[in-house]
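Engineer: We have chain V; now place chain A onto it with these hints.
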Amino acid sequence: MGKIVSIARRELGAYFSTWMGYIILALGLLLEGILFNAYAIGDSPKFSADVLRDFFYFSSGIGMVAAVLFAMRLIAEEKQTGTLVLFYTSPVTERELIYGKFLSVFLVYLIMQAASIYLPCLILLEGKVSLGHLASGYLGVMLLGSAVLSLSLFASSLAPNQLLAGVLATSLTVLFLVLWLVAYRVDVPFRDLFMYMSIHNERFRPFSIGIVHTRDLVYYGSLIFFFLEASIKVLETRRLQG
Amino acid sequence: MIEVRSVSKFFGNKKAVRDLSFTIHEGEIIGLLGLNGAGKSTILKILGCFLEASQGDAWVGGHSVAQNAQAVRSLIGYLPDKPPLYEEMKTRAYLEFVARLKNVSANAIPQYVDDAMRKTNLLEVSDVSLGELSHGYQQRVGIAQALVHKPKILILDEPINGLDPVQIIEMRDLILSLKGQHTVILSSHILSEITKTCDRILVIDKGQLVAEGSESQLRGKAPQGIHVRLELARSTPELVKALRGLSGVLQIDESAASQGFLDISCSHDIRPLIAQTVVQENGELLSMGRKEAELETLFFKLVKGGV
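Chains V and A, in that order, give the protein sequences. At the far end of the first sequence sits residue 374, using the numbering used here, and the numbering has no gaps. At the far end of the second sequence sits residue 325, using the numbering used here, and the numbering has no gaps.
FYI, nobody ran anything at the bench for these hints, they're computed from the structure. Any given hint might turn out to be false.
[To be verified] Listed next, the in silico SDA-like pairs over lysine to any residue satisfying Cα-Cα at most 25 Å (straight line):
| # | chain 1 | residue 1 | chain 2 | residue 2 |
| --- | --- | --- | --- | --- |
| 1 | V | K260 | V | G174 |
| 2 | V | K211 | A | F29 |
| 3 | A | K100 | V | T213 |
| 4 | A | K168 | V | E226 |
| 5 | V | K211 | V | I364 |
| 6 | A | K224 | A | G180 |
| 7 | V | K211 | A | H43 |
| 8 | V | K211 | A | R110 |
| 9 | A | K214 | A | L181 |
| 10 | A | K33 | A | A84 |
| 11 | A | K33 | V | L367 |
| 12 | V | K211 | A | V146 |
| 13 | A | K168 | V | T215 |
| 14 | A | K33 | V | T369 |
| 15 | V | K211 | A | H153 |
| 16 | A | K108 | V | E143 |
| 17 | A | K224 | V | L161 |
| 18 | A | K100 | A | G80 |
| 19 | A | K168 | A | H43 |
| 20 | A | K100 | V | G174 |
| 21 | A | K168 | A | G45 |
| 22 | A | K214 | A | R308 |
| 23 | V | K178 | V | Y189 |
| 24 | A | K108 | V | T369 |
| 25 | A | K168 | A | D145 |
Bound conformation, chain V alone (with noise of 0.2 Å):
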C-alpha cells in the first residue's frame, strides 16, 4: 500500500507541476459553467431537480473527455521518456504500479468534480436541492469518469505513445458509449449484452435523477477492476517479451 501511495503522491505532483492539469481542470470547469448556465438553468422555467439533472448530464460528458486526457498519459508517458525502467527493476509489482497510477488520476478527477460544486449549490438561490440526489449524481459522476480513467489506462498501457493511447482511449470509450445504440439493431442474446455494456446511457441515467441500483454500481465495479487488472496484464506481458 505505501508504495501505491508513492506512486499516486509523485504522479499528483507531475499533474500539478505543469500547465497541463491546470488546463484541463480549468477547460472542463469553464465548460461545465457555460453549459450549466445556457442549457442546464436555461430560459425557461423548470424545477430544481431537471435542473440538477442536466446538470449531471453535462457534466458527465464533460468528465468523460477530462477522464480521457488525464488518463492517457499515465503509461505511455512513461514509456516514452524511459521512466518505466525504474519500476521494472524495482521491488515493485505491475499491480502496485497500475493501481498507484489508478488513484492519482481519481484524486486529480475528484477534484475536478469537487470544484465544480458551487455550480449545483447555485440552484439553491431559487430553488431546493436533495441532498440524495446531489450524491447520487455525482457518486454517477464519479463512477462513469473511473471506468473512463481506467479504460484510458488501459489503452496508455498498449500504446506507445500518449498521442496514440489518446486515440485508443477515445475510441473505446465511444465504443461503450454507443453500445445502446447498437443493441437496437441487433437480436437477443447480443441486444441484452450490449445493452447490459453501455456505459451512459441505461447506467447513468439513474444517478442523474437520485436513484443509485445495485446492478449499476457493480457494473461500473466490474468494468474499473476489469480495465485495471487488464492493464496489469497488459505490463506483465510487456516484461515478459521485452
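Structural biologist: Positioned in the frame of chain V, the structure of chain A alone reads:
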C-alpha cells in the same frame, strides 16, 4: 554473486543472446564489452529483471531471476542507458521517491538519500529540477538512484554514454570509488574506458561470450610477436624493401609514412637488426620504439572471429 547459465533471448527470429554463461564474484567490477547491438544491454536487462530470458536462467545473490524477480530487484540497482528521470522533480525529491520504491524504511530515507548524493557529488544540486541539470549531472542522478538503497549489485548500462571527457573522468572515478562496496557490472563499447575501471572484461559479440579475463589476460591472447615503430627523417623505397627482406619481419605498415613513421610487425625482437639496416640504407633514424600488442586490435579480431 551472479551466475548466468545458458541464457538465450530471442526477439522474434532474431537471437539477441545465445547460450551465454558466466559467473561474477562478490566485489568485482565487471565490464561487458561489445559493439553496438552485440547483446550487452539485453544481458543487463535480463539480470535487472527488466526482460525475461527465452531460455536458461540467471541467479543473482542466490535468487533465480525467472522465479524470484522481486527478491532480485531488492538486491540490485540498475542504471539503463538513459537515466530514468522525471524532469519536473527535484534531485532530492526524486531520490526519496526511488528510495521508497526500493523498500527503504521511512526513517532511513533521509540518511540513505544523503549518502547517495554524497557519493555521487550531488549535494549542490539537491534542490534543482532534474530537467535543468547537465547531461553529466543527470547521469550522476541515474547512478544515485541505482545505489540509493545500498544494493549489493550495481548494473550500469553504458554509464559513460554521451559524457564529455571531463565527465568521463569523473564517472570513472565514481565507479572506481564504488569498488568494495558493491559488485558492479557495466557495459560499454569503449575499450579504453572499460580497461580503466574493470577487474575483468567479458567480450560479447553477436550475443555470445567470445573472450573473458583481465586486461593482461586478454593481452596474452593477442597474437605473439612485437610491433616496432620507426621515426625517420628520411625514408626511401629501398629502405622499406630492405626492411621487408629481413628475417622475422611479418608486415610493414606505411600508412603513417608521410608523417615519418613506419610500423613493423615482427615475429620476434629484431630491433638491433632493424637499426643496423636503417643505418646501412641511410634512413636517418630519429627514434625506434616497441609497441605493446594493442587491445583494440585484439578486440577487433575477437569480434571478427580472428582469434
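Engineer: Output the indices of the hints that this structure fails to meet, ascending.
Structural biologist: Of the numbered hints given earlier, those the structure breaks are 7, 17, 18, 20, 24, listed in rising order.
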